[in-house]
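Colleague: Listed below are the residues making up each chain.
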Amino acid sequence: MARIKNIRLAEGEVLVSVTVIAAELSEVMKIAKEISIGAKNAKAIAARAGDKARGFQPITNFIDDMARHTLKMVRQIDEEALNISRISSQEIRTNDARRRMHDVVRRVEHPSILSSFVNIVADVDARLLELNQQFDRRLDHLSELLGSINSDMRAATAISSSCRVEASRAEEFREGLSVVADNLEKAVEVIKKHVKECSSRLQHAQQLKRAINKKIKEPK
Amino acid sequence: MKATTIYDGKHQWVVFGRDPDKPEKIIDTNQYLISTPNRTLLLDPGGIEIFSSMLAAVLHHVSVDQITDLFASHQDPDIISSLGLWDQVLPNAKLHSPWLWESFIRHFGLNNIEYVPLPDDGGTIDLGELSLQLIPAHYLHSSGNFNVYDSEAKILFSGDIGAALEADGAPMFVDNFDEHIPKMKMFHQRWMPSNRAKNDWVNRVRHLDIEILAPQHGRIYKGDDVKRFLDWFEALEVGTGV
Ligand SMILES: [Fe+2]
Ligand SMILES: [Fe+2]
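Order-wise, the sequence lines are chains X and U. The opening residue of the first sequence carries number 1 in our numbering; numbering runs sequentially from there. The opening residue of the second sequence carries number 221 in our numbering; numbering runs sequentially from there.
No wet-lab data here; the hints were simulated from the structure. Take these hints with a grain of salt, some might be off.
As the list claims (entries may be wrong) - Below, a list of computed lysine-lysine pairs in the BS3-like style, where the Cα atoms sit at most 25 Å apart: (1) U:K222 with X:K30; (2) X:K72 with U:K314; (3) X:K5 with U:K314; (4) X:K5 with X:K217.
As the list claims (entries may be wrong) - Listed below are several chain X residues computed to face chain U (Cβ distance under 7 Å; list not exhaustive): (5) L9; (6) T19; (7) Q76; (8) S89.
Yeah, the Cβ is synthetic: ideal placement off N, Cα and C, and Gly gets one too.
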């Protein structure tokens with residue numbers, strides 16, 4: 001488990017990690033759009049090649065669908081990352097409020113003065129718990145979405161090798177269709193790299209979060 | 221949040237604003253980013269409510285460790301109430317802000333960031349490859365207030381001066397100055413207290429070579445509209461609340 005010295009700074013780091021994911025994915029979005037355009041070009045070549053590229057046509061449809069699915073996932077991740085970032089900054093503020101309120105409780109000498117305040121403190125505690133649960137749920141959802149892009153990419157790798165096989169049979173259209181396979185392969189590699197980076201940010205955030213929660217519960 | 225690059229040379233200027241997720245009844249603000257290869261400065265980074273959208277938008281342009289400096293033209297909540305959150309995200313950053321407001325701005329929560337108090341006559345913010353001039357704009361509207369001038373990009377960040385109250389999602393640039401006047405008139409008359417301060421500022425700013433005048437609310441002025449604004453502002457009677 002990650003070890004933290006300063007809870008406030010660690011909270012800041014969690015916030016940054018999840019917010020960075022959205023930024024990282026704008027690159028993936030660009031590449032997925034390129035794949036989709038590439039698939040349309042490939043469709044045109046395959047149409048011209050006619051019988052010589054019979055096996056190629058369904059592949060291009062598949063690539064296009066996959067690119068579109070990836071784009072959809074990226075948009076959802078982008079939205080979810082921003083939601084989490086928002087929850088995370090609310091958590092920082094609420095946690096700060098909670099710290100200050102508990103400080104008040106410690107400072108007040110006569111418990112009778114606190115009677116009206118106790119409920120407020122309890123509310124803040126409950127809200128923090130709720131935010132915490134929301135954060136965890138959404139983080140899980142985010143990692144599912146990332147996983148879904150990953151399986152798209154695994155499928156894409158398989159497609160690019162069938163692309164190559166079909167291209168080799170397409171005689172004078174061979175070169176044009178091989179380029180499609182090359183581009184797809186390169187794009188997949190780049191997307192995988194970005195997704196990996198996102199996943200490690202996500203993991204980092206999760207670990208820090210657990211460490212923070214543990215530290216908060218520690219008796220002073 | 222929408223991001224628009226307004227200068228792209230050896231360094232960049234990006235404006236962020238028109239946040240569709242902004243809660244209702246919160247005045248829309250323009251946040252600016254100036255980035256050089258090694259340093260990034262955020263001008264009037266905004267209120268606590270838009271912090272997440274703002275940070276997310278900024279990270280599309282620079283990484284967190286590239287953000288080295290913050291600037292707050294004055295003490296208002298729409299300018300810098302997000303400070304307590306930035307303080308936890310950028311513990312090593314510097315905040316450049318009027319000396320007059322240091323003990324007030326610290327109320328927003330400043331435990332890690334270093335407060336660099338700006339003297340009344342201004343000076344510069346040095347970003348290594350780029351030096352930015354601080355133009356005093358006291359009493360416009362805040363009693364301790366600065367604009368930021370970039371002589372290379374010919375951009376003046378004018379804070380609340382030139383601000384306008386717009387409908388949600390308004391365009392980033394003024395396209396018809398006369399139509400823009402009703403949106404900014406009350407803002408300047410009611411929020412700006414001093415004709416003397418206003419005229420002094422107009423006289424000083426006229427000597428600067430300005431291509432873009434970039435306020436913290438509403439649309440940005442370009443080219444001839446900059447001079448149109450200065451003429452209009454000079455002729456305007458302000459401090460009309462009494
Ligand atoms: Fe203001
Ligand atoms: Fe303002």
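Colleague: Taking each numbered hint in turn, which are not upheld by the structure, reported in ascending numerical order?
Modeller: 2, 7
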